[in-house]
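Assembling the complex is the task here: the two chains are given apart, and the hints tell you how they should meet.
Listed below, chain by chain, are the residues.
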Amino acid sequence: MSDAKKKKKKPEGPNKLKIKERMKLPRQDMPAQNPSDRVKNFNEVPYGLNDEQAFQEALRCLECPNQPCVDGCPVEVDIPGFIRLILEKDVAGAARKIKETNSLPAICGRVCPQEEQCEIVCVIGKKGKPVAIGYLERYVADYEREHKLVQLPKIAPPTGRKVAIVGSGPAGLTVAGDLIKLGHAVTIFEALHKPGGVLVYGIPEFRLPKSIVQAECDFMADMGVEFQNSTVIGKMDTIDELFEMGYDAIFIGTGAGLPRFMGIEGENLIGIYSANEYLTRSNLMRAFDPDEYDTPIIRGKNVAVLGGGNTAMDSVRTGLRLGAENAHIVYRRSEIEMPARIEEVHHAKEEGVQFHLLTNPIKFIGDDQNRVKAMECLKMELGEPDDSGRRRPVPIKGSNYIIKTDLVVVAIGNASNPLIPQTTPGLDCNKWGNIIVNDETMQTSRKGVYAGGDIVTGGATVILAAGAGKKAARAMHKYLMEEVKR
Amino acid sequence: MPKVVDNKQIGPMVWKMLVNVPRLVSKAKAGQFVILRINEHGERVPMSIAGLDKEKGLLTIIYQVVGKTSALMTTVQAGENISDCVGPLGIPSHVEKWGTACVVGGGIGIAPIYPIAQAYKDAGNKVITIIGARSKDLLLYEEEHKAVADELFICTDDGSYGHHGFVTDPLKKLLDDGVPIGMIMTVGPVPMMKFLSSMTRKYNVPTWVSLNPLMIDGTGMCGGCRVQVGDETKFACVDGPDFDGHLVDFDLLTSRLGAYREQEHKAMKHFLGDPGCRLAESVKKFKYPEEQAGTK
Ligand SMILES: Cc1cc2nc3c(=O)[nH]c(=O)nc-3n(C[C@H](O)[C@H](O)[C@H](O)COP(=O)(O)OP(=O)(O)OC[C@H]3O[C@@H](n4cnc5c(N)ncnc54)[C@H](O)[C@@H]3O)c2cc1C
Ligand SMILES: Cc1cc2nc3c(=O)[nH]c(=O)nc-3n(C[C@H](O)[C@H](O)[C@H](O)COP(=O)(O)OP(=O)(O)OC[C@H]3O[C@@H](n4cnc5c(N)ncnc54)[C@H](O)[C@@H]3O)c2cc1C
Ligand code: SF4
Ligand code: FES
Chain R
1 MSDAKKKKKK PEGPNKLKIK ERMKLPRQDM PAQNPSDRVK NFNEVPYGLN DEQAFQEALR
61 CLECPNQPCV DGCPVEVDIP GFIRLILEKD VAGAARKIKE TNSLPAICGR VCPQEEQCEI
121 VCVIGKKGKP VAIGYLERYV ADYEREHKLV QLPKIAPPTG RKVAIVGSGP AGLTVAGDLI
181 KLGHAVTIFE ALHKPGGVLV YGIPEFRLPK SIVQAECDFM ADMGVEFQNS TVIGKMDTID
241 ELFEMGYDAI FIGTGAGLPR FMGIEGENLI GIYSANEYLT RSNLMRAFDP DEYDTPIIRG
301 KNVAVLGGGN TAMDSVRTGL RLGAENAHIV YRRSEIEMPA RIEEVHHAKE EGVQFHLLTN
361 PIKFIGDDQN RVKAMECLKM ELGEPDDSGR RRPVPIKGSN YIIKTDLVVV AIGNASNPLI
421 PQTTPGLDCN KWGNIIVNDE TMQTSRKGVY AGGDIVTGGA TVILAAGAGK KAARAMHKYL
481 MEEVKR
Chain W
1 MPKVVDNKQI GPMVWKMLVN VPRLVSKAKA GQFVILRINE HGERVPMSIA GLDKEKGLLT
61 IIYQVVGKTS ALMTTVQAGE NISDCVGPLG IPSHVEKWGT ACVVGGGIGI APIYPIAQAY
121 KDAGNKVITI IGARSKDLLL YEEEHKAVAD ELFICTDDGS YGHHGFVTDP LKKLLDDGVP
181 IGMIMTVGPV PMMKFLSSMT RKYNVPTWVS LNPLMIDGTG MCGGCRVQVG DETKFACVDG
241 PDFDGHLVDF DLLTSRLGAY REQEHKAMKH FLGDPGCRLA ESVKKFKYPE EQAGTK
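Residue numbers (the working numbering), protein chains in the order written: chain R, 1 to 486; chain W, 1 to 296.
Treat the hints as calculated values from the structure; they're not laboratory data.
There may be inaccurate statements among the hints.
As the list claims (entries may be wrong) - Per label pair, the in silico range of CB-to-CB distance:
| # | chain 1 | residue 1 | chain 2 | residue 2 | range |
| --- | --- | --- | --- | --- | --- |
| 1 | R | Y401 | W | G182 | 50 to 56 Å |
| 2 | W | G57 | R | E292 | 50 to 56 Å |
| 3 | R | Q151 | W | R23 | 34 to 40 Å |
Glycine included, every Cβ here is placed at the ideal spot set by N, Cα and C.
Bound conformation, chain W alone (with noise of 0.2 Å):
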């Protein structure tokens, strides 16, 4: 059984978690994912990979509590076993040398790009980074990036932090100045996904993003994962995690991303009443998007 090393908050309901794994680490390259299962009831989740330590053998991944399993997650303490981290798995992300590469990461997003972004640069390319959240507290990863881009642009969609606005903001720019991206990688929430796909197409630029349906094995058994891509229907834990963004059907993503919404909601309504879920008070905190705007 795989041994989380670390867990630990760094922002509002963002953890990062080290999970020692040397034999998968090995393997791993950037744009791959692994599936954990936290206990024996647990359900089987899928989550990139956002850092490889190959001399010690840990596993970087950097989740959000979204729900009843990330919640779980964040119980787990440093020295103790998870069932399973099975993995790497999916197609790593396609590397070659373009000249000028751009990866986009958005809120959590951001994590799993760092290594994309380290993968193009150990190829030769030029990169440029462009980063944005929601707020600035909801920043991961900035120091990393700095330190593997060519250039960095920050973005918040509140102003609280760098550029006042969208990620598309300065991608936009950089393309309509004609610096010559040869390939945009996008990693992040499926709406940012599909509005810069959708932006960069009359750009004419590849455009690539990581899909995260909902996923059973990861191995092309289920097909529960099946996106829609141009008119194929490809399996993302096996013909992806990455599509070309032009050809996505983002809205049946979206919703498929929500088929089992109440079972889900049930399950974490249950789980934050549990007072035996040894979980920290501000996840006990915890509420879904449509509450907050209710609250308000």
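Chain R extracted, bound-state conformation (with noise of 0.2 Å):
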């Protein structure tokens, strides 16, 4: 009788440990470049685990029966299931088994907030640490392409459906991707020369190489999905000249990018940008490594940050890369309160950025030659909560001080661009400039025309946007094989 009790408790999948075993296993740290060292380069900062750390990591997975890691997914990624495949050692097949429901996997390894979805529900991280999703996550994508072992997937015989896609960044990207291999001719247009939306303008070299986006679009075009770049839609033609075009359906995945300034005195000094232009400068142009490229960008000795997000955590560290003696962060709230993935604030302090929480600039100060010198600040308190649910910051009267600084970079958020909604009668948006859809389809308030990711939910996240593609690649299908007739 205890020999049949033992046996049923025995697991039946690759990993062959019991659960208390698996409990004692520790987290497997990832191994990164040392902080004095990387604040010299460009160079992403963690290496990524080798095989050994990932099999051993994988070996933590408690193969729960609820699956709370998959809920904590915003679009559901088999989990154990990739996992079990990485103890099998058919790492492809763990990619295969993600790509089922994220194309980009190789991306949210990196930059999706795990720590507040798939490892915050983790049932072993209520106990110690969570099994390393997100590591295992960039392991499993890694490997695939390392190795040269991305397979095309089927490509379904041609619908005679013809899509538009305006933008290229995650939701972009994902319709394109899921509706090429549906059998529709997808032509992707983007405003900028290089494709992956904030991917490659925004997010820097040392948390997402480049050429790892690259990939993703190599991988697209070899698909078959065509792309039109420097393509500015609302100036080049409209979404009603698509239509004109023979294009049947359309998707509008042009991200949150107009950037929000604080409105304050002093603010167009030279000196203060945008952190779409000083991260755009040093991303999209690469104007790090100025031998050879041609776009200059500013190298401020005293550098000031505004802001909490992880937009403002990527400016303070480029302007540490470029050569700042002195990094603030200057935020209005508390650390609490700071949206960047804890991950990033964590990496900024190892750095050595300085941290001014609960204060809010009020002025900027210039030269003769209107140059930013010095921002003049106020401190702040807690008061009630807001609208956010977030402690309101009061200023305190007469704590005003002065921080010198020769480059500002304000990163409070954007909003979203309006060329489209301008020239896209019967497009409705909501009073911040979103363009309101149907949750289920995407659908806009114009029938064939679908959006999603930024432009929808405002400044959001990658894996936030990568799945309002699927989901909008999903009713975009239907509608093109039940409504338009060929």
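Here you go:
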């Protein structure tokens, strides 16, 4: 009888360890460049797990029957499923498993806020540290790419339907990938000269190497997606003209690309950038490498970045790498309210970034050449909760002080770009300029026009944009097959 | 990749480039601009539309060598491709029937003001054109303007051709004489646009200027092109490039244009010194204005 009991308890999959044994395994640390070296270069900070580390980490998964991690993932990646394949030494299979629901695992494994999605609900994390799902996701995607195991999926026979996608960020790329597989002809129109959206112009090389984004776009092209870069929809062609050109359905994934400024005195001085401009100069135009690239960038000695999100962390860490002696984050709330990923705040601290919390700038001060030289700030304290549920910062009277700075980066968020709404009659937007869609189908107020990603939600995350793309692709396929006659 | 079908020198340090971009040309209107990137390592440079051949799909760009990228542009041979040409960008110049309209072009601005003059004319306006340059050899597009303008005034700073003086002289005379000008549109160097706008203010005639701040994307994404217009901050690439000259803070624009002077000069020096750079001899002799002053 005791024998039979034992047998029952024995796990069936490739993981022969007992639950208790798995719980004892330590979480693998991600090897990374040390802080004093990495602030001098733009290379990626974490190196990634090696095969042995990945295997050891995969052994920690408890294979819980109710799979809370899958529910935690916005696109419901079969997490225990891909982890099991790592243990079966079918790493490429693991990558394919993730790609069933998330086409961009090499990217998401690097930039997803796993600590608030899949890992936060991980059962083993209640007692110790959660399974490093993000590290494993990155590992399998990198393994597949580096070992050249990426297979072109089967493409359905041509349906004769044509789809136009506006914007090549994660939302647009996801729609393109899904619809091309179903046999539709897909063209992506991108305003910039390189596809990828924020993944290429915003997120820095040291967090997401551009070669990885390029590989994803190349893969799309190999599947047959046509890229028309340097094409601004709303200027070159309008949405209605795209229909006239023979496109049967259109997806708008133009992101949240209009930078907000503080609206305070002196904001147009030289040396005050929006985060978009600063990061675009450094990432897309590669101004960090002046021997090779022509676009200039101001290299401040005392860099002050306003804001507490990922964009602010990316900016301040870029500032350090461009030679800043002092790099400051100036944020009007306290650390708990900072929207940036914990990992990024941690990296910034390790690199020596100085945090000025509960601090708000009220004025920029320039020199005789209109270059910023200082910033006047006010100390804040937290009051009652506001609409966002976070406690509202209120200024402390008379607490004014000066921060010396020769480069300010304003990273307080983006609004949506009005170019397409302005030129598309009948496209409904809310009062913030975000396109209104049906939550299930992502269809807009215009027939055959779908939208998703930051243009709908306001600045959010890569995986939410990709998830919206998945939903839209499903509905667009149905629309194309049922309502578009050929 | 867009093909350059012609690229030749038409004046001291001034070139004319024709780019084959039929789709862009079919959509473009006077007053708009494009952004070019010459090669994969290059900057994105904004250039005004100085002519549109809708039949052949050709875009005309008139450019002056002022630094590395414009110097690099001169090395593109007819038949070669450049990396990108995105556009049309910006809002087309506002056109209506005012009765009489005046266009004023200074220096390199003489070229982009020409399609605007044409658009005014097509809308049924009497067009008075005033063009000016430092000297006769820097004067462009005289024939083109002659063909469109109902009245044409030519000015040179040194008196080598036409009226000896600034473009504001004939304009002031017209206004003093009570000519009923409904609109004055100006493209030219910032000091000229500033001076002209302050001159016309007391006559209360609408005066618009085409601004040229530094830009990157040209789609409203970076805010690098911001200009101060009245008490508002505007993004010139999407809200402009045309603005009410009576409200523009020209001094701020001038200082912002100098934001990268040191880095630009270094890049240019380096480029001119590169033996492999295929530059014409005349371009190799390039000097910055302050250096020219120094050598005299
Ligand atoms: C600096 C920074 C760091 C971030 N870090 C993270 C992170 O660590 N993790 C995370 O999950 N998220 C992060 N985000 C957020 C994430 O990048 C976005 O939520 C996501 O990229 C949105 O995807 P999207 O497809 O909606 O749009 P985008 O990525 O914004 O792409 C939109 C594309 O559309 C193009 N476009 C716009 N208008 C037009 C037009 N009229 N015609 C043609 N093309 C047009 C744009 O040029 C752009 O390429 C970060 C964002 C920034 C700015
Ligand atoms: C909307 C717009 C339309 C333009 N149209 C034309 C055009 O039709 N023909 C033309 O020759 N130029 C035009 N320009 C200016 C042109 O973009 C710049 O001359 C060019 O970017 C200079 O690059 P560079 O590397 O050669 O010089 P840089 O080394 O970058 O600059 C050299 C000097 O030129 C000045 N400069 C740089 N950029 C600009 C600028 N955007 N505007 C004015 N001065 C600048 C700088 O202050 C610097 O002192 C336009 C600019 C804008 C924004
Ligand atoms: S996509 Fe993001 S949330 Fe989903 S499993 Fe991967 S890392 Fe976790
Ligand atoms: S050039 Fe970037 S917003 Fe105008």
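Taking the hints in turn, this is what the structure says about them:
1. Y401/R with G182/W: 50 to 56 Å: 53 Å, holds
2. G57/W with E292/R: 50 to 56 Å: Taking Cβ atoms as reference, G57/W and E292/R lie about 33 Å apart, which means the hint is violated.
3. Q151/R with R23/W: 34 to 40 Å: 36 Å, holds
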